[in-house]
Amino acid sequence: MSIYWNRKDLLGLRELSAHEINFILETADAFKQVGTREVKKVPALRGKTLINFFVEPSTRTRTSFELAAHRLSADVINISATTSSLTKGETLKDTARNLQALHADILVLRHSSAGAPQFLAERLKSSVINAGDGAHEHPTQGLLDIYTIREKRGKIDNLHVVIIGDILFSRVARSNIFGLTKLGARVTLVGPSTLVPREFEKLGVAVSNQIDKVLPDADVVNLLRIQHERQRKEYFPGIGEYTTLFGLTKERAKLLKPDCLVMHPGPINRGVEIDSEVADGLQSVILDQVTNGLAVRMAVLYLCGGIAT
Amino acid sequence: MIIRNGRVIDPANKRDDVIDLAMVDGKISERSEIRNQETETIDAKGLIVAPGLIDMHVHLREPGFGHKETIESGARAAAAGGFTTIVCMPNTSPAADNPATIAWIKDRAKETAGVNILPTGAISKNIAGEELALIGSLGRAGVVAITDDGHCVQNHELMRRAVEYARMVGLPVLDHCQDYNLVGNGVVNEGYWSTLLGLPGWPAAGEEAIVMRNILLAELCDHHIHCQHISAAGSVRFIREARARGVKISGEVCPHHIALTDEAIQNFDTNYKMNPPLRAKADVDAILEGIADGTLSILCSDHAPHAGFEKEVEFDQAPFGIVGLETELGLFIDLLVHKHRKIDIKHLIKMYTVEPAKLLNLDAGTLSAGAPADVTLIDPDLDWTVKIDQFQSLSRNSPFDGWKLKGRAVRTIVGGKTVWSL
Amino acid sequence: MDEKKHNSGVPVMDAEAIRRALRRIAHEIIEQNGDLKSVVLAGIPLRGVEVARRLAEFIRQVAKIDIETGTIDVAMHRDDVGTRAELPIVHASKLPLPLEHRTVIIVDDVLFTGRTARAAMDAISSFGRPARIQLAALVDRGHRELPIRADYVGKNLPTATREQIQVRLQNVDKEPDAVWLFKE
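Protein chains in written order, with our numbering: chain A, 1 to 309; chain B, 1001 to 1422; chain C, 2001 to 2184.
Just so you know, the hints here were simulated from the structure itself, not pulled from any lab data. Hints may contain errors.
Stated by the list, open to error - Cβ-Cβ distance ranges computed for the label pairs, FRET-style:
| no. | chain 1 | residue 1 | chain 2 | residue 2 | range |
| --- | --- | --- | --- | --- | --- |
| 1 | C | E2145 | A | T59 | 42 to 52 Å |
| 2 | A | D75 | C | P2158 | 38 to 48 Å |
| 3 | A | P267 | B | E1130 | 52 to 62 Å |
| 4 | A | D75 | C | V2172 | 32 to 42 Å |
| 5 | A | S208 | B | Y1192 | 11 to 21 Å |
| 6 | C | V2172 | A | E251 | 27 to 37 Å |
| 7 | B | T1112 | A | A101 | 33 to 43 Å |
| 8 | A | S17 | B | R1341 | 52 to 62 Å |
| 9 | A | G89 | B | H1338 | 15 to 25 Å |
| 10 | A | S193 | B | Q1317 | 52 to 62 Å |
| 11 | A | N269 | C | V2172 | 21 to 31 Å |
| 12 | A | G154 | B | H1338 | 53 to 63 Å |
As the list claims (entries may be wrong) - Sample of chain A residues lacking proximity to chain B, with all beta carbon distances greater than 10 Å (derived):
| no. | residue |
| --- | --- |
| 13 | P43 |
| 14 | L67 |
| 15 | E229 |
Unchecked claim - In the DSS-like style, the derived pairs of lysine-lysine whose C-alpha atoms are separated by at most 27 Å in a straight line are:
| no. | chain 1 | residue 1 | chain 2 | residue 2 |
| --- | --- | --- | --- | --- |
| 16 | C | K2064 | C | K2183 |
| 17 | B | K1125 | B | K1281 |
| 18 | B | K1045 | B | K1404 |
| 19 | B | K1387 | B | K1027 |
| 20 | A | K152 | C | K2155 |
| 21 | A | K41 | C | K2094 |
| 22 | B | K1387 | A | K93 |
| 23 | B | K1346 | B | K1417 |
| 24 | C | K2064 | A | K32 |
| 25 | C | K2094 | A | K155 |
| 26 | A | K213 | A | K202 |
| 27 | B | K1358 | B | K1014 |
| 28 | B | K1346 | B | K1248 |
| 29 | B | K1346 | B | K1045 |
| 30 | B | K1281 | A | K202 |
| 31 | A | K233 | A | K152 |
| 32 | B | K1387 | B | K1358 |
| 33 | B | K1125 | B | K1110 |
| 34 | B | K1417 | B | K1045 |
| 35 | B | K1404 | B | K1110 |
| 36 | A | K40 | C | K2094 |
For clarity, every value in this text was computed on a predicted model and none was experimentally measured. Glycine included, C-beta positions come from ideal geometry on N, C-alpha and C.
Whenever a hint applies, use it, and build me the whole structure from the sequences.
Okay, here's the thing in structure tokens:
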């Protein structure tokens, strides 16, 4: 595998080729090893400045990027929506230009508007890494999910991956769909028909509301967090009914093949989309996802941040 | 002024001949009245001589939003697009829901505008959809129609009463068809692309539901309702069936709804964000059929200028709309007459003259003797490239920069005087 | 590095010369290291790993000892990330732990500016603190930019900086073993 990476930004998985995705995963293999050393640090991004610009808040993703940057010896600054001047009415474009004037090399952006990272990437010299834009994409999450599957099952193609939950509003689901289908996996989406419309079939995946029929055939089950907040009130009647119909309860988990992986991007709603025991059970690779997230993010920062400008 | 050698297309009088057209004292005249001295002569060989075109859906932004466009700059843009009459929408600040604002607009137009500006008034107070606006007084102040464009009255009962009231004062009702509940915070057509990109969808049913509402009310109240900027196949179907039964309903088309599909949004370029949104090919095809069979009878732009900094933001934050006065004619001739061959140039001219004039009861849209000398000269085969930095409009929010089109207005004459020429 | 057609290059070492050079290095390693069990031959991917493998094979034949081998990826330790036109490919590193009390011999195919060797030492230090670090290179072509010297050299090849040295090893390149010199 010897294609070279020439993108300064990572905006999503939809535009990457299968080659490029595999290249990132192989690079992540190397960086995962760094986490086992005594000195968990390499100088690859020494002298570079990385800004975590989380207009939409997140602790875990931000921490993961921050740690990845530190391990690459980059300098890290964290800006959140409340601490930024966006609250004073400054436009996104002006905020970003100010950041670039500080010679930020890499901008990791999480934003509630789809397309915001692309907007900045087109206007800034800095590398822009999408840490989640609205319901559009969360490419590093998609990559670490795929990395984990590949690590545990040795391959991606022809595996049956089942993603369960609020797909319509999920950037994690979309990135997974794009990446997995590109690498040859068979994907089935499961959830209430209001949140998993048939339109998704045009993306090359199967759609089902019959979770009990789908689970026995799954090689991987990826559960998405479900919330019954204001914007979803009209889409399903409540958490209780959701769990009854679609939760991966202890009982339902018995339908799974013994080597089926159970995944979740976190944070977990114990007892809602997944029972506590299943989350902590032998098939769960949820904690591996977190470890792998660090390696994948180091790989992404290394590849994008290292492009000569 | 006398225009020689042009192909005079005057659908109102069923004329299509290569003859001379004379204008005296701001009115179309018989040729015999021309005195030869001081008569400006224009050679229109190879050109079409049409009644001055009417765009009945334009946002001029004054009062209140002069940074996007002014009545003066909008008028210049209209002239550059070949339009002698434009009808402006009431979503200004303050809204055009009272006679004082209408008077202000008319004065401003008289002072600064090179083309005819006809205001519309609001249906509801402050365009809030809750109480009737002063529709009668607006009529007296000189509006040509009422509309809440930009918004849509959701309360069907209120809309019914507005239509009945408008019937009393003789004003047509125009409606921007959008069901707020079905649409929610949709920003792009609900379909494959919105699903792929994770953007909130604006389903076609959100427009079709209100088109159906308007058909029912047009029948119930026996008064004309005109559905603005039709974008969805279902809307075309409903209007076709209703018109076949004689219901007083009509629809208009903006060029972007046939020039583009929702595939264009995938780079999150806000120049492709309009309301109603760009839709799928099936919708484009249905609209083309609707134009060809006369279901959709009027062409317009929904010219919606926005400043650069307003559009250069995150996709879901950006205001809807694009400018259109300076590209609409070129796009429609290129797509309808040349590319898709759905209608001939005569029919296109009819959709820009006779039809809006009939709907709005205007003394315009014809080349009859004694009519105002508003004339548009068109070269239907002129190849040109859209260059947005040469626009007369104050705003540049257009997705058509660089488009190569065939067909363009080459001279715009208002009241017997040239207000623009290529 | 551009792969040039071989017919514009000159072979300066053939398979036999390479074999003899590596066997001599193997002997030198055995001579200079009393306790071979504490030695690690750490190859730099790709060809350094193959050279280390062959050295280990020679040492096994001569001293009847299975010497430890490992891999040190230097790509993420280079000091020129962001200035190179292409991003070097990274590989996972693997060294037997702990490194204290061990002698780590960095093994590479060509020693040139010394920056790769420096990056390798940097990488090793993130694993631990070996008792000694040494350097073995199949070819030393001169033009050091840092104070680095090799402890074991297969062949000294003075070159001009414009010239290129390329090593081909059967297992890696699927071509016969050879060292090629390209005058630009």
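Structure-based check of each hint:
no. : hint                            : in the structure
1   : E2145/C with T59/A: 42 to 52 Å  : holds, 44 Å
2   : D75/A with P2158/C: 38 to 48 Å  : holds, 42 Å
3   : P267/A with E1130/B: 52 to 62 Å : violated, 43 Å
4   : D75/A with V2172/C: 32 to 42 Å  : holds, 38 Å
5   : S208/A with Y1192/B: 11 to 21 Å : holds, 20 Å
6   : V2172/C with E251/A: 27 to 37 Å : violated, 54 Å
7   : T1112/B with A101/A: 33 to 43 Å : holds, 41 Å
8   : S17/A with R1341/B: 52 to 62 Å  : violated, 40 Å
9   : G89/A with H1338/B: 15 to 25 Å  : violated, 47 Å
10  : S193/A with Q1317/B: 52 to 62 Å : violated, 30 Å
11  : N269/A with V2172/C: 21 to 31 Å : violated, 51 Å
12  : G154/A with H1338/B: 53 to 63 Å : holds, 58 Å
13  : P43                             : holds, 36 Å
14  : L67                             : holds, 27 Å
15  : E229                            : holds, 14 Å
16  : K2064/C with K2183/C            : violated, 42 Å
17  : K1125/B with K1281/B            : violated, 38 Å
18  : K1045/B with K1404/B            : holds, 23 Å
19  : K1387/B with K1027/B            : violated, 34 Å
20  : K152/A with K2155/C             : violated, 45 Å
21  : K41/A with K2094/C              : holds, 15 Å
22  : K1387/B with K93/A              : holds, 25 Å
23  : K1346/B with K1417/B            : holds, 24 Å
24  : K2064/C with K32/A              : violated, 35 Å
25  : K2094/C with K155/A             : holds, 23 Å
26  : K213/A with K202/A              : holds, 22 Å
27  : K1358/B with K1014/B            : holds, 15 Å
28  : K1346/B with K1248/B            : holds, 24 Å
29  : K1346/B with K1045/B            : holds, 17 Å
30  : K1281/B with K202/A             : holds, 16 Å
31  : K233/A with K152/A              : violated, 37 Å
32  : K1387/B with K1358/B            : violated, 34 Å
33  : K1125/B with K1110/B            : holds, 26 Å
34  : K1417/B with K1045/B            : holds, 19 Å
35  : K1404/B with K1110/B            : violated, 35 Å
36  : K40/A with K2094/C              : holds, 14 Å
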